Amino acid sequence: MRTLFLTCFLVLAAAGLATWLTEPDMSSDVPVLYWATDPNPARIQQVAEFHEWLVEQGHTTADGKPIVELRLETVAADYKGVIQGVSGVSADIIQCSVPWYQSIGLLADVTDEAKEQGFGIDQTYPALEPLLSVDGRQYGFPCNVNVMALWINLDTFDKLGMAPPPPSWDWDTFERIGKEFVHKANPAGERQSVFFVNKFEHPYMIRAMYRSLGVSEFNETMTRSGLDHEGYARTLARIYKWTYVDHIAASAAEESAFSTESGYSGAGLTLFHQGHYGMYNIGRWILIRLREFKAPPRVAVSHYPYAEFPNAVIGTRVAAVYAATRYPREAKLFLAYLASKKYNMGIVRSADALPPSPEYTQIESYTRPAAFPHEWGSHEIPAEGAETIAIATSVSPFVPMATVDRYTKKALDEVMADLATPEAAAAEAARRIDAEIQLTLKESARLRARYDEALEVQERIDSYRKQGRKVPMAWIQNPFHRRYYLEKGWAESE
Amino acid sequence: MNKRSKRDLAIGLGFLAPNILGFLVFTLGPLLFSMFLAFTNWDLRLHNMFKEEPLRIVMLENFSRMLDDPDFWQYLGNTLFLMMSIPFSIAGSLGAAILLSQDTGGGSNWVKKRLVATAGLVFGLSCLLMAGADSSAMTILIGGLAGLILVGGTLGGTTVYRTLFFLPHFTSGVATYILWKKLYNPSTGPVTNALRPLLDGVGSLVNGLPPGMVQGGAWLCALVMFLLFFLGTRSLAASWRDGEMGGFAVLIGLGFMALPPVAAISWFVLPAALWLIAGGSLAALLVLAAQVLRGREYPCRSDEGLGNGIMLGAVLMIAQFGFLGLGNVLFGLPTMAAAGLQTPEWLTQYDWAKPSLMFMGLWAAIGSNNMLLYLAGLSNIPGELYEAAQIDGTTAFQKFWHVTWPQLAPVTFFIVVMSTIGGLQGGFEMARVMTTGGPAGSTTTLSYYVYNEGFTTGRLGYAAGVAWAMFALVFSVTVFNWKFGSRQVND
Chain X
1 MRTLFLTCFL VLAAAGLATW LTEPDMSSDV PVLYWATDPN PARIQQVAEF HEWLVEQGHT
61 TADGKPIVEL RLETVAADYK GVIQGVSGVS ADIIQCSVPW YQSIGLLADV TDEAKEQGFG
121 IDQTYPALEP LLSVDGRQYG FPCNVNVMAL WINLDTFDKL GMAPPPPSWD WDTFERIGKE
181 FVHKANPAGE RQSVFFVNKF EHPYMIRAMY RSLGVSEFNE TMTRSGLDHE GYARTLARIY
241 KWTYVDHIAA SAAEESAFST ESGYSGAGLT LFHQGHYGMY NIGRWILIRL REFKAPPRVA
301 VSHYPYAEFP NAVIGTRVAA VYAATRYPRE AKLFLAYLAS KKYNMGIVRS ADALPPSPEY
361 TQIESYTRPA AFPHEWGSHE IPAEGAETIA IATSVSPFVP MATVDRYTKK ALDEVMADLA
421 TPEAAAAEAA RRIDAEIQLT LKESARLRAR YDEALEVQER IDSYRKQGRK VPMAWIQNPF
481 HRRYYLEKGW AESE
Chain H
1001 MNKRSKRDLA IGLGFLAPNI LGFLVFTLGP LLFSMFLAFT NWDLRLHNMF KEEPLRIVML
1061 ENFSRMLDDP DFWQYLGNTL FLMMSIPFSI AGSLGAAILL SQDTGGGSNW VKKRLVATAG
1121 LVFGLSCLLM AGADSSAMTI LIGGLAGLIL VGGTLGGTTV YRTLFFLPHF TSGVATYILW
1181 KKLYNPSTGP VTNALRPLLD GVGSLVNGLP PGMVQGGAWL CALVMFLLFF LGTRSLAASW
1241 RDGEMGGFAV LIGLGFMALP PVAAISWFVL PAALWLIAGG SLAALLVLAA QVLRGREYPC
1301 RSDEGLGNGI MLGAVLMIAQ FGFLGLGNVL FGLPTMAAAG LQTPEWLTQY DWAKPSLMFM
1361 GLWAAIGSNN MLLYLAGLSN IPGELYEAAQ IDGTTAFQKF WHVTWPQLAP VTFFIVVMST
1421 IGGLQGGFEM ARVMTTGGPA GSTTTLSYYV YNEGFTTGRL GYAAGVAWAM FALVFSVTVF
1481 NWKFGSRQVN D
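So the sequences go chain by chain: X and H.
At position 426 of the first sequence the residue is numbered 426 (this note's numbering), and the sequence of numbers has no breaks.
In short: position in the second sequence from 1, add 1000, done, that's this note's numbering.
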């Protein structure tokens, strides 16, 4: 026994020594920046190009090497970044939600550097402003921009002898085409294996639907939930109908009946490629996976169906600088790189959503990539959507967005499980969000003061609306309401 | 203390020092800090190195908020529901241990039995294959698995069986959960495929019978519920009369038994049958009251026989609930069968998500450390007791009930305590991987709630409060178990 123990100990000691001796040398002569981002293989190329860009721009050491070394740190979950940040051990460049992280105090203000180095908000889509800045100060710059939409497998529609859906359509048209599609695609008497669209679960699509009825998660000043509205209940009811009555969208059980998740973006794209979904709710990055298939399908894009007000939701993967980084100057150089031609062309080539700068969506490399003719005609829709109808998510400073998402998901789950009527689920979601707001205000005198000011403004807005007067745009904080009021002619333009 | 003793003490402390230090720094320290957190309003958004908001001591505010929080009660209910599988898993572990303690290797009899069984399996599979079942993956899967077990047992004896039983326990948690997600696939999963022919058969049978006959089963279940309550009350009355059970023990047992009839008021589909249950329960209570009024010859303290009272009450409660559920199913069965009986959607269906996780937990728990503890306990039972029982001409069940079960009381007590603690604290991993707490929060447990509140929302103070409320619950249950359970063991 003693011999066995000693042998095991010696083997482990030898293995430890071998590991230590063969470990790659991680030391560096220049400052090392860590970029916390998602585990996308394209990041490796982006890091290499950042080093090249530094050299091209003259940010080099005496011997011509880049003045900083960028390394990747994959962070799968938002909360990990928060915990690291408040503990003082965060990466220097963080992929994050700016309103959430800024509210915690984790981000460095980059407004002045943005103006000097050319990565200001004027260099990207105006609709992104609420996601990049807080109270007029900028905290990040987009790594890429996303307008989710319905990507269409044209080959599937061709097989059924159906014309592809239009780029813009209302709920009734969506339903009519969807019913026709599933009827043609699924033989009678057999288990349904082809759906018009994948499961309704992504918050962007649901958000776009209730926004099309003039509903937002919050009121104009973000002081109260706006979901106790007939429009939200109608949206939930419609989703239920499309899933369980018309069967044009896959339910949770039907989607899990296909396969478990595997690979980047999951098995859903494989099902889309195989024709089990006529359309897939996703962003332009679908092309990264589709290009890997031997015979990728021809694709087109349609925006989400709307009830009355066409809209889309714009999102972004934001890179921001950690407030306690040891190398703020170097970290902000990375944001400048994101606005550069080199980086933007990389996004254009890799099809990793939309490039941060809109001008790069007008070039031929973007609209008609030579190597992928089956994609021609699809790239324009998300780009056009980002500049016209897309609106950022409304984020209130008085309640975390993760909490709002949790209650809206619960509302949807309850309706889908027949546990609550759409009206009751909507009312409960609004009530819970309002309760969370009050809880936050109880803990922070600073936020309470801000809330009271906003409440006064809200009362004035409500009064103006009752009187039929136009509301000054400066009073409205909610990005959805800012756009909606303009559309309806209820606001004075700025 | 002399010099040598001091030296010995110093050497001992030196060896223990790393462990003690690690415990202080990584266990006790965070524990005390979390206790402090539970009485504050610590919120990551407001209290961190970048903010200057003052931290407030809020005393019991977090706990009073918890009492008003519907999420807390829902998730506590989920946790307690998932714990209902504990008695079954303990029984399963005991059964597995008894099976594995049989001498299956020695003697030609067991080998012969296994060879015959293997031959029978091969013959049966051959028939199925010739009849056209060759494309059924399920048939091949089950047949192959059964064959492997039989052949393995013939070659390797009990060691093979013990390994197979223990396998689920030492398989990595996340890998198991992903595997079970596949098993629970509502369309192509083996669980669904195994259940489908059974449901088709039941559906055909029910459709062939008059609906009234099937629905009459609901009345039968109501009658059984009444009988169980009546018999249980009579047993309690008799124990009270004979001084085997005190007043408090009787009340506790009665309390457990009364839950199903009370629940039936809102849950039972047959309102008319409620009269039967109510009438029967009243009659039973009158019997008990009459006995109490008559008095008793052998007084005892009020908590005497509490363990027996709890066990009797709990077993009858579970049985009554089972018949309550069965009655509801039987009443609705003709309607369901007319439309075709469907397998559940398992993890994606609100009503079935929790039971699905329970089945999976049961599968893992049967062959767990509990089985090993029972194996050790069984090996410690003196053989003379069984010899004496043999001489008295007892049956196998009597040997188990009068020899094995009482001798295993200390082991059972330990397993019950540890399983209760584990059950109250657990459920995070499987919910996070398999269902993310849904659908509609049906599989979110208290531990998952602590994670959500602490790390997703950032309310560390409140999350710590919930964690300490969980501790208080675990501690109370454990103290109760120790106080009354150990007395039962000693008795």
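Calculated from the structure, these hints are not laboratory results.
Quantities reported herein were computed from a predicted structural model and do not represent experimental measurements.
For every residue, glycine included, the Cβ atom is placed at its ideal position computed from N, Cα and C.
Mixed in with the good hints there might be a few duds.
[To be verified] In silico BS3-like pairs for lysine-lysine, Cα to Cα no more than 25 Å straight-line:
1) X:K341 with X:K80
2) X:K115 with X:K341
3) H:K1051 with X:K409
4) X:K442 with H:K1051
5) H:K1003 with X:K80
6) X:K488 with X:K470
7) X:K179 with X:K159
8) X:K65 with X:K341
9) X:K65 with X:K159
[Unchecked claim] The calculated label-pair distances, taken between Cβ atoms and stated as ranges, are:
10) H:T1188 with X:S365: 41 to 47 Å
11) X:T60 with H:M1049: 41 to 47 Å
12) H:F1414 with X:S28: 53 to 59 Å
13) X:I363 with H:G1077: 56 to 62 Å
14) X:D405 with H:I1140: 53 to 59 Å
[Claimed, not checked] If you want the footprint, here are the derived chain H segments under chain X, 3+ residues with CB under 8 Å:
15) 1035–1046
16) 1049–1061
17) 1153–1166
18) 1347–1353
19) 1436–1449
20) 1454–1463
- Violations among the numbered hints: 1, 3, 5, 9, 11, 14 and 17
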